[in-house]
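*Asks:* One-letter residues, chain by chain:
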Amino acid sequence: MADVTAGSAGRRSWWAGIGQGRHVLGLLFLLPAAVFLVLFLTYPLGLGVWLGFTDTRIGREGVFVGLENYELLWIDSVFWLAVFNTLLYTVGASILKFALGLWLALLLNQHLPFKSFFRAVVLLPWVVPTVLSAIAFWWIFDAQFSIISWALIKLGLIDHNINFLGDTTNARLSVIAANVWRGIPFVAISLLAGLQTIPASLHEAATLDGATGWQRFRYITLPMLSPIIAVVMTFSVLFTFTDFQLIYVLTRGGPLNATHLMATLSFQRAIPGGQLGEGAAIAVAMIPFLLSAILFSYFGLQRRKWQQGGGD
Amino acid sequence: MATVEIRGVKKAYGTTAVIHGVDVSIRDGEFVVLVGPSGCGKSTLLRMIAGLENITGGAILINERVVNDVPPKERDIAMVFQNYALYPHMTVGANMGFSLKLRSAPKSEIDSRVQRAAGILGLSHLLDRYPRQLSGGQRQRVAMGRAIVRDPQVFLFDEPLSNLDAKLRVQMRTEIKELHQRLKTTTVYVTHDQIEAMTMADKIVVMHDGVVEQIGAPLDLYDRPANQFVAGFIGSPAMNFIKGAVGSDGHAFACDGGASLPLEGMVGARPGQRAVYGLRPEHIRIVEGGAPAQVVVVEPTGSEILAVARLGGEGGQEISCLFRERLSLAPGEIIHIAPQKGMSHLFDEASGARLVD
Ligand SMILES: Nc1ncnc2c1ncn2[C@@H]1O[C@H](COP(=O)(O)OP(=O)(O)O)[C@@H](O)[C@H]1O
Ligand SMILES: [Mg+2]
Chain A
168 MADVTAGSAG RRSWWAGIGQ GRHVLGLLFL LPAAVFLVLF LTYPLGLGVW
218 LGFTDTRIGR EGVFVGLENY ELLWIDSVFW LAVFNTLLYT VGASILKFAL
268 GLWLALLLNQ HLPFKSFFRA VVLLPWVVPT VLSAIAFWWI FDAQFSIISW
318 ALIKLGLIDH NINFLGDTTN ARLSVIAANV WRGIPFVAIS LLAGLQTIPA
368 SLHEAATLDG ATGWQRFRYI TLPMLSPIIA VVMTFSVLFT FTDFQLIYVL
418 TRGGPLNATH LMATLSFQRA IPGGQLGEGA AIAVAMIPFL LSAILFSYFG
468 LQRRKWQQGG GD
Chain B
321 MATVEIRGVK KAYGTTAVIH GVDVSIRDGE FVVLVGPSGC GKSTLLRMIA
371 GLENITGGAI LINERVVNDV PPKERDIAMV FQNYALYPHM TVGANMGFSL
421 KLRSAPKSEI DSRVQRAAGI LGLSHLLDRY PRQLSGGQRQ RVAMGRAIVR
471 DPQVFLFDEP LSNLDAKLRV QMRTEIKELH QRLKTTTVYV THDQIEAMTM
521 ADKIVVMHDG VVEQIGAPLD LYDRPANQFV AGFIGSPAMN FIKGAVGSDG
571 HAFACDGGAS LPLEGMVGAR PGQRAVYGLR PEHIRIVEGG APAQVVVVEP
621 TGSEILAVAR LGGEGGQEIS CLFRERLSLA PGEIIHIAPQ KGMSHLFDEA
671 SGARLVD
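Those protein sequence lines, which keep their order, are chains A and B.
The opening position of the first sequence corresponds to residue 168 in this note's numbering, with each subsequent residue numbered one higher.
The opening position of the second sequence corresponds to residue 321 in this note's numbering, with each subsequent residue numbered one higher.
Hints were generated in silico from the structure; no laboratory data involved.
Small disclaimer: the values here were computed from a predicted structure and weren't measured.
Beta carbons: idealized from backbone N, C-alpha and C, even for Gly.
Mixed in with the good hints there might be a few duds.
[Said to hold, decoys possible] Sample of chain B residues with no beta-carbon within 10 Å of chain A, all distances over it, derived: (1) 328; (2) 341; (3) 379; (4) 392; (5) 403; (6) 431; (7) 552; (8) 555; (9) 575; (10) 591; (11) 603; (12) 624; (13) 632; (14) 645; (15) 661.
[To be verified] Result set (SDA-like, lysine to any residue): computed pairs, CA atoms no more than 20 Å apart in a straight line: (16) B:497 - B:539; (17) B:487 - B:457; (18) B:504 - B:493; (19) A:472 - B:448; (20) B:563 - B:446; (21) B:563 - B:668; (22) B:421 - A:390; (23) A:472 - B:446; (24) B:421 - A:353; (25) B:523 - B:479; (26) B:661 - B:606; (27) A:472 - B:445; (28) A:472 - B:451; (29) B:497 - B:484; (30) A:472 - B:393; (31) B:523 - B:556; (32) A:472 - B:452; (33) B:421 - A:384; (34) A:282 - A:353; (35) B:393 - A:385; (36) B:427 - A:377; (37) A:472 - B:411.
The task is simple: from the sequences and hints, build the whole structure.
*Replies:* Below is the structure:
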């Protein structure tokens, strides 16, 4: 009996010692997560960055070449074209996704008949695998069999097929359209969820205060939705900026590199082209853009002063 | 400043009728309280006045103009919601000035009107805060401030005090009343609390299941309730209802389970008719030769004594009595009680209609 008491007391003081060294204990608990992070997140990222400083090719160990890859990219007009394309694609598609997604969300938030049916329909583009929808768009944009050309010709609006993917401007607009189609559900459904958190009594109070429909949107809906808009659009911009699948199926970057994005160019140089070092350098060059988007969202995502739990 | 006239107003949601023809007329500057149990259609009626709900039948007139098809923003009405409905992303000042801003009033005018309203309500030091940084009572004041800044034709209040604690409720009750005396704006105030109705109203409208049971000044409703529902709803503690029959001579009421109580000024009752005798606890006196009753429970509060007794002794109907005097009562004791003169009521057993005048 006495032994047991003494033993447990001794153990307790050992534990108490550990407990007092909170930092030691904290580090101990952090260890598994840290190992996981290092192995699965940092290692591939580090390897990619390292490859960017080497002249590695497929099947041949590279050597450190410093900034040579970046110097080459600096004077590479195709790279700069890809940067321009990526920015155009991201900005154009994000603005359209935001505008159309918000509009759809506002529509779905009205009292419609068959409301849940329409909500399900809106989600469709999101649940279809990207490659499948890309193939569908490939047909829709086909030079000979495009349903859009066919319909417009039947309506008598045009007299020959539109060259959707063969002309540089058309190709850019076409891939943006396909990306917008695919990205709208995410924006619309997220914003719809946000709209539904705005109490109806706020709209009623604003109506009695004399607000028109537009003023209610401008002064109530939009500001109250702004936190969720920041989240949704940050994700949307990140997805769009790093898009690969749609472009790769639809145009492979053509015609004349007009739709090459940084992601597709990086892949093309690295894998089919075999220049792993150069491909990695292009991918690394995306990081500053992504970081600035994340920084932007960091400030955008900060709790508004008026939100519950926000800083005073 | 405006009159409000509600004429035969009906409301149905789909096929469910919730308001079955209500008539109320409100004079300029009057403070009218709509009172009734939860779900009786008070908010619906108020929202129809505001224009937030369509009117299914009948008409609502503001300043003698039918407003059935006038959109809310043109009715010039301000409403204080139960949850206050403050704009969370605007400061107190911006909340209060929002309606003026929508009307493109000059900034100097907005500021001066907001300042004045804030002064009246004691909010001047809070104008830069956000609603989430305010206490319940302060939010309530901001909601009122938003209403008075506009200087509207009519104020509507929908249970504005029900989210406050009891003490604050009493204080805000007085403040709202003072505000009304100062501004003299026509006011319609909805509550389920009969004490709020009694203390604040110039005129009370008692509603029940979508119909108006009675309209009148607070003390009229207390003294001469038109039916058993109003009698039971107005007054606290609630009126006793004693089942029985009118005596053969028409001057006494024979209670079921024994004892008999005096009747006066009977209008529509025949001798022998089944009826309900209404007697408020505070109108019961102990008198020699009164009806015998056996005390069951005694609850002294200091200022008064609430006693529950069985009329006619064991097995009789329970009634509550409120005595101002410091009587020493004990459970089991037999007391002799009688109604204070002119303070008893009689209602038809089936319809609940008042039978005495
Ligand atoms: N939008 C609605 N659809 C259907 N029934 C409703 C609706 N709003 C209120 N009701 C019904 O109308 C009745 C009156 O409601 P309300 O006016 O809110 O009552 P009160 O304010 O007196 O508590 C209730 O029975 C309620 O269920
Ligand atoms: Mg209500």
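*Asks:* Next step is simple, just say for each hint if it's right about the structure.
*Replies:* Structure-based check of each hint:
1. The non-interface label for residue 328 (chain B) is consistent with chain A: the shortest C-beta to C-beta separation is roughly 25 Å, beyond 10 Å.
2. Chain A leaves residue 341 (chain B) outside its interface by the beta-carbon criterion, the shortest separation being 25 Å against a cut-off of 10 Å.
3. No Cβ of chain A comes within 10 Å of the Cβ of residue 379 (chain B); the nearest lies about 20 Å off, and the non-interface call holds.
4. For residue 392 (chain B), the shortest C-beta to C-beta distance to chain A comes to about 5 Å, within the 10 Å cut-off, and the non-interface label is violated.
5. Not every CB of chain A is more than 10 Å from the CB of residue 403 (chain B) (nearest about 6 Å), against its label as outside the interface.
6. Every C-beta of chain A lies more than 10 Å from that of residue 431 (chain B), the closest at about 17 Å, which supports listing it as non-interface.
7. For residue 552 (chain B), the condition that its CB be more than 10 Å from all CB atoms of chain A holds, with the nearest at approximately 32 Å.
8. Non-interface status of residue 555 (chain B) relative to chain A is upheld: no Cβ of that chain comes within 10 Å, the nearest being about 33 Å off.
9. Chain A leaves residue 575 (chain B) outside its interface by the beta-carbon criterion, the shortest separation being 50 Å against a cut-off of 10 Å.
10. With a least CB separation of 56 Å from chain A, residue 591 (chain B) remains clear of the 10 Å interface cut-off, as annotated.
11. No Cβ of chain A comes within 10 Å of the Cβ of residue 603 (chain B); the nearest lies about 43 Å off, and the non-interface call holds.
12. Distance check on residue 624 (chain B): its Cβ is at least 41 Å (rounded) from any Cβ of chain A, clearing the 10 Å threshold; non-interface status holds.
13. Here residue 632 (chain B) stays apart from chain A, with its beta-carbon at least about 53 Å from theirs, past the 10 Å limit.
14. Once the 10 Å rule is applied to beta carbons, residue 645 (chain B) is consistent with being away from chain A; the minimum gap is 50 Å.
15. With a cut of 10 Å on Cβ distances, residue 661 (chain B) stays outside the contact zone with chain A, its closest approach being about 50 Å.
16. For the given pair, residue 497 (chain B) sits about 17 Å from residue 539 (chain B) by alpha-carbon distance, which is consistent with the 20 Å threshold.
17. Distance hint between residue 487 (chain B) and residue 457 (chain B) is fulfilled; the C-alpha atoms sit about 11 Å from each other, no more than 20 Å.
18. Between residue 504 (chain B) and residue 493 (chain B), the direct Cα distance comes to roughly 16 Å. Compliance with the 20 Å bound is thereby established for this hinted pair.
19. For the proposed pair residue 472 (chain A) and residue 448 (chain B), the alpha carbon gap of about 12 Å is at most 20 Å, so the pair holds.
20. Straight-line distance between C-alpha atoms of residue 563 (chain B) and residue 446 (chain B) comes to about 57 Å, which puts the hinted pair past the 20 Å bound.
21. For the proposed pair residue 563 (chain B) and residue 668 (chain B), the alpha carbon gap of about 10 Å is at most 20 Å, so the pair holds.
22. Only pairs whose Cα atoms come within 20 Å are accepted, and residue 421 (chain B) paired with residue 390 (chain A) is accepted, the gap being roughly 16 Å.
23. The hinted pair formed by residue 472 (chain A) and residue 446 (chain B) meets the criterion: a straight-line CA distance of about 15 Å does not exceed 20 Å.
24. As the CA atoms of residue 421 (chain B) and residue 353 (chain A) are separated by approximately 35 Å, the hinted pair breaks the 20 Å bound.
25. Between residue 523 (chain B) and residue 479 (chain B) the CA atoms are separated by roughly 17 Å; this keeps the pair inside 20 Å, and the hint holds.
26. Between residue 661 (chain B) and residue 606 (chain B), the direct Cα distance comes to roughly 13 Å. Compliance with the 20 Å bound is thereby established for this hinted pair.
27. Taking the CA atoms of residue 472 (chain A) and residue 445 (chain B), the gap is near 18 Å; set against the 20 Å cutoff, the hint holds.
28. Note on residue 472 (chain A) and residue 451 (chain B): the hinted pairing holds, with a Cα-Cα distance of about 11 Å set against a maximum of 20 Å.
29. Distance restraint check for residue 497 (chain B) and residue 484 (chain B): the Cα-Cα separation of roughly 17 Å lies within the 20 Å cut-off, and the hinted pair is therefore satisfied.
30. Only pairs whose Cα atoms come within 20 Å are accepted, and residue 472 (chain A) paired with residue 393 (chain B) is rejected, the gap being roughly 30 Å.
31. At most 20 Å may separate the alpha-carbon atoms for a hinted pair to count; residue 523 (chain B) and residue 556 (chain B) meet this at roughly 19 Å.
32. For the hint linking residue 472 (chain A) to residue 452 (chain B), the alpha-carbon distance of about 10 Å falls within 20 Å, and the restraint holds.
33. For the hint pairing residue 421 (chain B) with residue 384 (chain A), the CA-to-CA distance comes to about 15 Å; that is within 20 Å, so the pair holds.
34. A threshold of 20 Å between alpha carbons decides the hint, and for residue 282 (chain A) with residue 353 (chain A) the separation of about 17 Å falls inside it, so the pair holds.
35. A hinted pair counts as satisfied when its Cα atoms are at most 20 Å apart, and residue 393 (chain B) with residue 385 (chain A) qualifies at roughly 17 Å.
36. Annotation: proposed proximity of residue 427 (chain B) to residue 377 (chain A) holds, straight-line Cα distance about 17 Å (limit 20 Å).
37. Our distance criterion of 20 Å between C-alpha atoms is met by residue 472 (chain A) and residue 411 (chain B), whose separation comes to about 10 Å.
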